[in-house]
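A.B. asks: With the hints as your guide, set chain R onto chain X.
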Amino acid sequence: MLPGSNHQWVQGLRESAIKRFAENGFPSRRDEEWKYTDLTGMSEQTFQPVVTPGTGSDGQPTEKSQIDHDNAIIIAFENGRWLFTEAGLDLPPPGVTITSLGKMLSDFPDRIKQHLALFTNPADHSLVSLNTAFSHEGAFVHIEKGVVLDRPIRLQYRSTSQDQPHLSLPRNLIVLEEGAEAVVVETYASENPFAAYWNNIHTEVALGQNARLEHIQVQDESLAAYHTTFTNVQQARDSRYVSHVYALGGLLARSDLDVSLEDSGAECELNGLTLTSGNQHIDHHTRIDHIEPDCSSRELYKGILADSSRGVFNGKIYVHPDAQRTAAFQSNPNLLLSRKAEIDTKPQLEIFADDVKCSHGATIGQLDQEALFFLRSRGIDELNARNILISAFAQEIVKKVSHSELQEELSELVSHSLLKLTGSHEVN
Amino acid sequence: MLEIENLHAAVDQKPILKGLNLSVKPGEIHAIMGPNGSGKSTLANVLAGDENYDVTQGNVMYQGMSLLEMAPEIRAREGLFLAFQYPVEMPGVNNMVLLKAALNAKLKHQGKEEIDAADFLKLIKSRLEIVEMDRKLLNRSVNEGFSGGEKKRNEILQMAVLEPQLAILDETDSGLDIDALQTVSRGINQLKSPSRSIVLVTHYQRILDYVSPDFVHILINGQIAMSGDRELALEVEKRGYGWLEFQN
Numbered sequence: 003m004l005p006g007s008n009h010q011w012v013q014g015l016r017e018s019a020i021k022r023f024a025e026n027g028f029p030s031r032r033d034e035e036w037k038y039t040d041l042t043g044m045s046e047q048t049f050q051p052v053v054t055p056g057t058g059s060d061g062q063p064t065e066k067s068q069i070d071h072d073n074a075i076i077i078a079f080e081n082g083r084w085l086f087t088e089a090g091l092d093l094p095p096p097g098v099t100i101t102s103l104g105k106m107l108s109d110f111p112d113r114i115k116q117h118l119a120l121f122t123n124p125a126d127h128s129l130v131s132l133n134t135a136f137s138h139e140g141a142f143v144h145i146e147k148g149v150v151l152d153r154p155i156r157l158q159y160r161s162t163s164q165d166q167p168h169l170s171l172p173r174n175l176i177v178l179e180e181g182a183e184a185v186v187v188e189t190y191a192s193e194n195p196f197a198a199y200w201n202n203i204h205t206e207v208a209l210g211q212n213a214r215l216e217h218i219q220v221q222d223e224s225l226a227a228y229h230t231t232f233t234n235v236q237q238a239r240d241s242r243y244v245s246h247v248y249a250l251g252g253l254l255a256r257s258d259l260d261v262s263l264e265d266s267g268a269e270c271e272l273n274g275l276t277l278t279s280g281n282q283h284i285d286h287h288t289r290i291d292h293i294e295p296d297c298s299s300r301e302l303y304k305g306i307l308a309d310s311s312r313g314v315f316n317g318k319i320y321v322h323p324d325a326q327r328t329a330a331f332q333s334n335p336n337l338l339l340s341r342k343a344e345i346d347t348k349p350q351l352e353i354f355a356d357d358v359k360c361s362h363g364a365t366i367g368q369l370d371q372e373a374l375f376f377l378r379s380r381g382i383d384e385l386n387a388r389n390i391l392i393s394a395f396a397q398e399i400v401k402k403v404s405h406s407e408l409q410e411e412l413s414e415l416v417s418h419s420l421l422k423l424t425g426s427h428e429v430n
Numbered sequence: 010m011l012e013i014e015n016l017h018a019a020v021d022q023k024p025i026l027k028g029l030n031l032s033v034k035p036g037e038i039h040a041i042m043g044p045n046g047s048g049k050s051t052l053a054n055v056l057a058g059d060e061n062y063d064v065t066q067g068n069v070m071y072q073g074m075s076l077l078e079m080a081p082e083i084r085a086r087e088g089l090f091l092a093f094q095y096p097v098e099m100p101g102v103n104n105m106v107l108l109k110a111a112l113n114a115k116l117k118h119q120g121k122e123e124i125d126a127a128d129f130l131k132l133i134k135s136r137l138e139i140v141e142m143d144r145k146l147l148n149r150s151v152n153e154g155f156s157g158g159e160k161k162r163n164e165i166l167q168m169a170v171l172e173p174q175l176a177i178l179d180e181t182d183s184g185l186d187i188d189a190l191q192t193v194s195r196g197i198n199q200l201k202s203p204s205r206s207i208v209l210v211t212h213y214q215r216i217l218d219y220v221s222p223d224f225v226h227i228l229i230n231g232q233i234a235m236s237g238d239r240e241l242a243l244e245v246e247k248r249g250y251g252w253l254e255f256q257n
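As given, the protein sequences belong to chains X and R, one line each in that order.
Here the first sequence is numbered in our numbering, starting from 3 and rising by one per residue.
Here the second sequence is numbered in our numbering, starting from 10 and rising by one per residue.
The hints are simulated quantities; they were obtained by calculation from the structure and are not laboratory data.
Just so you know, nobody snuck in bad clues.
Under 7 Å between C-beta atoms, here's a sample of chain R residues computed to sit facing chain X:
1) Ala57
2) Ala85
3) Ala110
4) Lys115
Note that this is a predicted model, so its numbers are computed, not measured.
Glycine included, each C-beta is placed from N, C-alpha and C at the ideal position.
Next up, chain X with everything else stripped away, as it sits in the complex (with noise of 0.2 Å):
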C-alpha cells in the first residue's frame, strides 16, 4: 500500500495521476517539448518499481554516506527508500522541518496537503503523472516563518546495482515561509558507474514571501541511468531563488524547471552546466513565468560536449501582460569539444507586456584559439592549455554558488566530471 492511501485527498490525487498517465502515456518527439529527446528506447523496457518504504528511523543513520564537514543536515535514500536523517551533533534549530515525505503522507498528511501538487500542471507532463500516481518516498523540508537556517540541507539519492533495473521515484517538497532562508543540495548519484535504472523525480518548491533559497541540484547518475527531473517553483512577493543545476552523468536525463514569479518584487537566478561525453544525451527545458509586474530573472547555462554526446537547450521565458517592468536575461553558451558533438539550443521569448527589458543569446562555438596559443607562448603544453580554458568555462557557472564550503566541493565535482571529458591530464 503506498502511503497516504487511506487518506482520501491523497488517494485522490494518486488515482486522478493514475488516469492521465494512462491517458497520456509516455511523451513521444511528436511532442514539440519532446522533439530531440527520444523515450522510445527507455519506455521499452522493463523497470523494476521500488515499492517497499523505507527501514531507517530519524536520528539512526544505518549508513553515513559523506562526511559532514559542513554541518549539513543530512536525508539519504537508496534505490528510492528512504535511509535516514541525521543533522549531525547539532539539532536542526526549531521550525525546520526535514523528514521522510512519505512519513507524513502516511501520518501527517493535512501538514503538506497546502503544497503537494497543487501547483503542478500534470496535463505537460505525462512523467509528472507518474511520479504523482506511484511515488512512495522522497523529503519534506519545511522552513518556518523568519527562521534562516546557514547550514545546507542535502537530499542524497543515491542508487546501487540491483538484480533488473529498478525505477524510482522521488518526490521532494521544500516549503519556505515568509522570510525564511535555507540552502538545499539535492544529489542524485550511483555507486557503481554502470548501475542500469531509472529515477523519475518531481520536485515542488514554495517561496513565502521574501523567503530565500539557494538551490542546487547535482545530477551524477551511473552512465547507464535514465533520469528524468521536474522541477516546479512557486515564488511569492520578493522571494528569490538561486538555482544551480550540474548534469553531468547518466546514459539519457531530461530537467525541466519552471519557476513562476507570481508576485511583484521576486526574482529568480537559475545557472545551469552540462557535462557530456561518450554518447550521453542530456536534455535542459526551462520555463520562466514572470506573471506580476517587477521581477526578474537571470538565466545561464552552458554546456561542454565531447565525443558524441547530444545536448539540448530550450529556455522559455513568458512575460505576461501585467508583468510590466520585468528584466529578463538568458544565456546559452556551448563549447563543442568533438566534430561528433550536437547541441540544439532555443531560447524562446514571449512577451505580452510592454515595459520590458528581455534579453537572450547562445552560442556554440569551440576554444578560443587566440588563448590557446597565449597559454602555449607562456611555456604551457597544448593538451593542458585545453584544459585550462576549458575548466575556466566551466569554473564560471561554480563560482555562482554563494555556499563557500558548497561552491569547494562542486568546483571538485567539475574537475573531475570534466577528465571524463578531457582526458587523463589534471585540469588545473
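C.D. replies: This is chain R only, laid out in the frame that chain X set:
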C-alpha cells in the same frame, strides 16, 4: 642568440615578410621600427610560433636550435618570450594560476623541481614591485577588465617572472601614457643582462628614450631597409618613414 636568415612568411597566402635577415647577440637590445603593415608584428608572432602565420622560406636559429621546428610551448620553455601587442583576456583563468603553471612548465623542462608556494609568493612579490602593478590584479582573471596599461604591465610581470633569454616586445609601448611607459621601461631595463637579449618592436621612437637600444632596424615591406644605432631612430622620428621607402 638569434640568427634570422632570409625569412619569408605569409598570412592567408599574402606574403608579409619577404626575405628578412637579423642577427641578435647575447646582451644586445635591438629595436625594430617600421610603418604599419611593414611586418613588425608578423615577425614577432612568427618567432613565438603563431600558427596563423605560414613560414614559406628561410631559417631561424635560436641558441643553436632550429626555432621554426619547435612548438610554441617549447620555445617558451627554452627562454623565448613574446609580450603581446594585444594581450588576450581569459575569463576564469586566474592570473596567479597562469604564472605558476608557466613557471613550473619551464622549471620542469629544465629538469628542476617545481617551485613551492612560499618561494613562489616571494618571487611574485618582488616582481610586482618592478612593474608597480596592483596586487589585486593577481587574483583576477588574466587581463579581464584590465585597462590597456594594466594589460601591458601584466605582460611585463610575466616576463619578469619567467626571466627569458630572448624577450620580444611587440609594441608594448603603444597606448601607454607617459607614467605607464616609464614603469614598463623600468621593468625592461631591470631585465637587462649580458646573457639576455631584447627585441623591441615599436612604431614610435618614444620608448627608446627610456630603453636604450644597441641597434635600430627599419622594417619596410617585409625586409630590413636600413640598420643603424639610436641616431637612426631619431632620424626616422624627424623625417618619417617615407624617405626610406623611397630609397628602397
